[in-house]
Amino acid sequence: MTFAHRHLLGIEQLRPQDITAILDLAETYVDLNRQSDKHADVLAGLTQINMFFEASTRTQASFELAGKRLGADVMNMAMQASSIKKGETLIDTAMTLNAMHPDLLVVRHPHSGAVDLLAQKVNCAVLNAGDGRHEHPTQALLDALTIRRAKGRLHRLNIAICGDIAHSRVARSNILLLGKMENRIRLIGPPTLMPSQIDQFGVEVYDDMRKGLADVDVVMMLRLQRERMDGGFIPSEREYYHRYGLDAEKLGLAKPDAIVMHPGPMNRGVEIDGTLADDINRSVIQDQVEMGVAVRMAAMELLARNLAKARAA
Amino acid sequence: MSTLFKNARLIDPETGTDAPGWLLVQDGLIAAQGDGTPPAGAAQIIDCNGKCLAPGIVDLGVKVCEPGERHKESYKSAGLAAAAGGITTIVTRPDTTPAIDSPEALEFVTRRAQVDAPVNVLPIAALTKNREGREMTEIGFLMDAGAVAFSDCDHVVENTKVFSRALTYARSCGALVIAHPQDPGLSQGAAATSGKFASLRGLPAVSPMAERMGLDRDIALIEMTGAKYHADQITTARALPALERAKKNGLDITAGVSIHHLTLNELDVADYRTFFKIKPPLRSEDDRMAVVEALRSGLIDIISSMHTPQDEESKRLPFEEAASGAVALETLLPAALRLYHAGQMELPQLFRAMALNPALRLDLPSGRLSPGAPADLVLFDADAPFVLDRATLKSKSRNTPFDGQRMQGRVLATYVAGTPVYRRA
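Chain order of the listed sequences is P and R. Each residue of the first sequence is one higher than the one before, counting from 23 in the numbering used here. Each residue of the second sequence is one higher than the one before, counting from 15 in the numbering used here.
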């Protein structure tokens, strides 16, 4: 197993065997996380800084827990509250942090490409925790692990990704990952929320959810941001729910054992029916959260190994 | 005082010829040219060693950052960069801070240019006050003060009533209006051209259709007002049929394109390289090829550098936040020569687009090699290869997309009114 990457900036740079390597290692952490002693010390002595230029509760908590369970010293910096307000540029912030010798930098930023830019300027491993509408690689990896565990495989599945594809980094990373693992991907959503020429990514595009859901193995719902509901992209919340909200009736068109996923936080009654989201026979939403910690532990461990090798060389 | 350029390869865009010959300059003007034995008796003889001698480039739409941001580019640095790039006339944009929208501001520019710039400087003035698209500027006074054209640059005058009145008034003054054809709604917030690449990179994007919509609107207004109009940059295939129809219908319309849209495409942005962020954004390869063909056929008239200096601070940002624009005075000619080396354009055609056509559009006597024209000349080696190092640029800002790229074609010397303003060491 070789995972020869310095950073985890996106799924785009990963090969299928890299993805499998992360998922296989993550499996061991799923087991660890279910024990009462959840500690491993593979990151002992290392410093992990979580820099979130955009508010996040779940992803930040997941990365923090992952780092702490592996023994790293974890620091959280809520960047939207600090230096940006004082007019400091991203590069300057990066240089300042770099001087503190972090080993792992976890970054979320509202602009596409910002994490790539930062990674060019620091000499530690950078993990992209979401940049603009570009990529959110650990989300795609945790989704992949969830699917693999629920379905027993991560290839030749029919997977529907539904909702606001245009503004979603989760969708982009998932399209890339699930495509690399040779699945059949369908995108379902109103055309106003589809990126241009998305059909060239090897996906099938549906604006009719009923047709799109026919015989799928996995239904992946996306969050619809509040600011998109004001009539600019869709006419109203209730019309959206009627046409693109997932309920038991629409899910009935999918395979009988199809699973339902959502990256959270959910808008119950907007993109997904509340009862369905809580149905333990169909919904794997809670598993996704659990897999998130394990996948992030695995990704950080692999990057830390490469960092140690690079520093030894 | 007379100077003879002998043993030259004369590039004459007026006659469309590219042939060995000599050129005689007398008192700052071209006195004669010919092949065969050159006349005797010139005070100074320059042996061109068979290299190309062409009319100096007339660059329509150069941003010099005075007043406001002299640290990005001054008249001195822009003038030196232009001279090194074989450009003998820079036609400057009014999108400074503050905008050049009053005769007083224009006089400041003219004075600064006279003191510092070794090349000819002709200013464009703003079409509306502060380029806000609300009230027209003093077009008559500004023309008296030396404005050669009027433009709000990349600000589209959204209100068609305001724009039509400004066009009508400009027509009565005989003024040229330069506009940036772009639908303002569709292009709002865009950092890339919509398509597969922008979708992959997750960048806010504008459909290439926005350019055609802007051009269609402007053409209707020119038809209505009879104004003299130049579209600063036509960069998409979809806009070309509209331009062709407008020309066929006899409207007084010309169109330009930036050197970057002729030689680069959207994929060059790669991993969010902000030096490739320009306005309008780089297009698909299909669009680039269509625009090169339109230039070749003469549908697009003018190549400009669209020189836009930006400092490191405004470029070292996430792509969406980074400033648009690229410097190009020194790379215009070698980049344009890519089209020549690729067999897409002949040298006289290139100089028609870079020298003769802009001069004709602005009623200037330059841009040609005929007797009586000013001896604004560039001597260059069309084949000399080099790798561009942006640290060597004379511009104060070095935001060039060509850094580290192989280029072919070097300026050996530049003359303004027969006087050397640049000589390659």
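Rather than coming from a laboratory, the hints here were simulated on the basis of the structure. All values reported here derive from a predicted model rather than from experimental measurement. Accuracy of the hints is not assured; some may be wrong.
Said to hold, decoys possible - Dumping the calculated EDC-like pairs for lysine to aspartate or glutamate here, alpha-carbon to alpha-carbon at most 20 Å: (1) P/K143 - R/E335; (2) R/K143 - R/D130; (3) P/K143 - R/D300; (4) R/K143 - R/E172; (5) R/K65 - R/E83; (6) P/K143 - R/D49; (7) R/K329 - P/D114; (8) P/K233 - P/E271; (9) R/K293 - R/D49; (10) R/K210 - R/D300; (11) P/K173 - P/E249; (12) R/K210 - P/E34; (13) R/K329 - P/E110; (14) R/K210 - P/E226; (15) R/K293 - R/D282; (16) R/K210 - P/D237; (17) P/K272 - P/D229; (18) R/K329 - R/E152; (19) P/K143 - R/E172; (20) R/K293 - R/D158; (21) R/K293 - R/E258; (22) R/K410 - R/E327; (23) P/K143 - R/D325; (24) P/K90 - P/D53.
Said to hold, decoys possible - Far from chain P, by Cβ distances over 12 Å, these chain R residues were calculated: (25) R84; (26) A212; (27) R215; (28) P399.
Claimed, not checked - Pairwise CB distance ranges (calculated): (29) P/P38 - R/A284: 32 to 38 Å; (30) R/G357 - P/R333: 47 to 53 Å; (31) R/S311 - P/H177: 32 to 38 Å; (32) R/H85 - P/T50: 28 to 34 Å; (33) P/N98 - R/G199: 51 to 57 Å.
Ideal placement from N, C-alpha and C gives every residue a C-beta, glycine not left out.
Checked hints:
| no. | hint | in the structure |
| --- | --- | --- |
| 1 | P/K143 - R/E335 | holds (18 Å) |
| 2 | R/K143 - R/D130 | violated (27 Å) |
| 3 | P/K143 - R/D300 | violated (35 Å) |
| 4 | R/K143 - R/E172 | holds (14 Å) |
| 5 | R/K65 - R/E83 | violated (38 Å) |
| 6 | P/K143 - R/D49 | violated (58 Å) |
| 7 | R/K329 - P/D114 | holds (13 Å) |
| 8 | P/K233 - P/E271 | holds (13 Å) |
| 9 | R/K293 - R/D49 | violated (44 Å) |
| 10 | R/K210 - R/D300 | holds (13 Å) |
| 11 | P/K173 - P/E249 | violated (35 Å) |
| 12 | R/K210 - P/E34 | holds (14 Å) |
| 13 | R/K329 - P/E110 | holds (14 Å) |
| 14 | R/K210 - P/E226 | holds (15 Å) |
| 15 | R/K293 - R/D282 | holds (15 Å) |
| 16 | R/K210 - P/D237 | violated (28 Å) |
| 17 | P/K272 - P/D229 | holds (14 Å) |
| 18 | R/K329 - R/E152 | violated (35 Å) |
| 19 | P/K143 - R/E172 | violated (41 Å) |
| 20 | R/K293 - R/D158 | violated (31 Å) |
| 21 | R/K293 - R/E258 | violated (23 Å) |
| 22 | R/K410 - R/E327 | holds (13 Å) |
| 23 | P/K143 - R/D325 | holds (18 Å) |
| 24 | P/K90 - P/D53 | holds (16 Å) |
| 25 | R84 | holds (22 Å) |
| 26 | A212 | violated (7 Å) |
| 27 | R215 | violated (6 Å) |
| 28 | P399 | holds (29 Å) |
| 29 | P/P38 - R/A284: 32 to 38 Å | violated (23 Å) |
| 30 | R/G357 - P/R333: 47 to 53 Å | holds (51 Å) |
| 31 | R/S311 - P/H177: 32 to 38 Å | violated (51 Å) |
| 32 | R/H85 - P/T50: 28 to 34 Å | violated (56 Å) |
| 33 | P/N98 - R/G199: 51 to 57 Å | violated (40 Å) |
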